[in-house]
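There are 2 protein chains.
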Amino acid sequence: MGMGKRILETCFSPALYEPDLHAGSIVVIIDILRATSAICTAFANGATSIIPVAEVHEAKDFKNRGYLVAAERDGHVLDFADFGNSPFNFTRERVEGKTIVYSTTNGTGIIKMAASADAIVIGSFLNISSLTGWLINMEKDVVLFCSGWKNRFNLEDTLCAGAMAERLMESSLYLTICDSTLAAMDLWSLAKNDLSGYIEKVAQRSRLRDKGLDDCISFCLTPDFTKKIPVIKNGILVDNIL
Amino acid sequence: MGMGKRILETCFSPALYEPDLHAGSIVVIIDILRATSAICTAFANGATSIIPVAEVHEAKDFKNRGYLVAAERDGHVLDFADFGNSPFNFTRERVEGKTIVYSTTNGTGIIKMAASADAIVIGSFLNISSLTGWLINMEKDVVLFCSGWKNRFNLEDTLCAGAMAERLMESSLYLTICDSTLAAMDLWSLAKNDLSGYIEKVAQRSRLRDKGLDDCISFCLTPDFTKKIPVIKNGILVDNIL
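Chains as they are written, first to last, in my numbering: chain W, 1 to 242; chain C, 1 to 242.
There could be a bad hint or two in this list.
Identical copies look the same in the list; a pair holds intra-copy or inter-copy alike.
As the list claims (entries may be wrong) - Cross-link-like lysine to any residue pairs, in silico, SDA-like; alpha carbons within 25 Å at most:
{"hint": "1", "residue 1": "201", "residue 2": "75"}
{"hint": "2", "residue 1": "5", "residue 2": "83"}
{"hint": "3", "residue 1": "150", "residue 2": "20"}
{"hint": "4", "residue 1": "63", "residue 2": "116"}
Hint data in this document are derived by calculation from the structure and do not stem from the laboratory.
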């Protein structure tokens, strides 16, 4: 245990998050199938900002005021929305220079929960190198916050957390005394040589397939599609401008 | 997916337990360092029953009424208690034919939480073959309920759940669509060839070592020390009598 090392922790579900413990940390929100992958893609394609909203009626209000709205419930695009939550919807043609309203019950709750953090950033495989490089420069404790599914543990976010943890721990600047981080790194070590094959067995893979929404999965597993690091400022997602 | 297969699920923390979902299942409580290992040891050594109590004053009341009391807080044996919570305290000389009062804040909460279950049994490596064999005979859905530490994920209970899940899944009688079970089995596959070595890195290992309470760890990792399957009946632990 080196003196002055930063603490790295992993949280497997919103139900396990401890806000008081993480005041002062940088919190990385991970929800790779599909929210945080979609958000990274939007910024990669030139979106200016993303307004996360919890309720359908809020999303509808924004639509009525002329905003571009991405909104799904249970995999169905809402009738008033411009498109759904797949990363493939956030094309440059649609999003460049725009503010997008993104309807997400789970994500909005997580952002509120993490409000005590020093910073809240959006992580996925799509921005993993840029994000972990930035974290290493920031000299802060880090919490990898897996969004889970209906408050449950999920494997895909855990694997992404494990991949991030591996890079952070390799820097020798972090200390972890957190079994969740150790487990995530070990699961990542098992999966990394055939990530697509490993993901075949996770529950969300089946859920998305059953709804015909699985076309984006291999894209969501692509490392370093973008250097963008979306960050929450006053409840709104903006480009961190590296 | 075979028709009529039983569902196997794993819960990584009391904070993730969903009572309504598990009514009708057999719930296996796992807290191997040290509560469920101590309980299995007590029955192996002839204890008649164990009364779990949450509060210190309850334990003291029982002591005043002549019961044998095992009670610790933060690794210190309470002054009125007969002994602490290490499995090594539950010797045949002390416990044979006796009812023991066991003070456990976490455990008592978990037992209450699982009250909707069809049955609540106590699991550890010490009774793993007997327990999984019994589960297979029972034709019920199973929840492997890891006690965690202060509501957090822990590795040692996850590994034990993974070892149990491996045996249950090998029977081909169970279906799991639960990422927690898959993760537990994968972590077990990484750890099983050198379980003691793997356990060296878990957080609870350090906590017990710091308190000088780590002497029982290798015992707690021993498979099949006993055939006993402690079960909760009316809030009290009794021998399932195989």
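Next item on the list: Find the hints from earlier in the document that the structure breaks and name them by number, from lowest to highest.
Entry: 2 and 4
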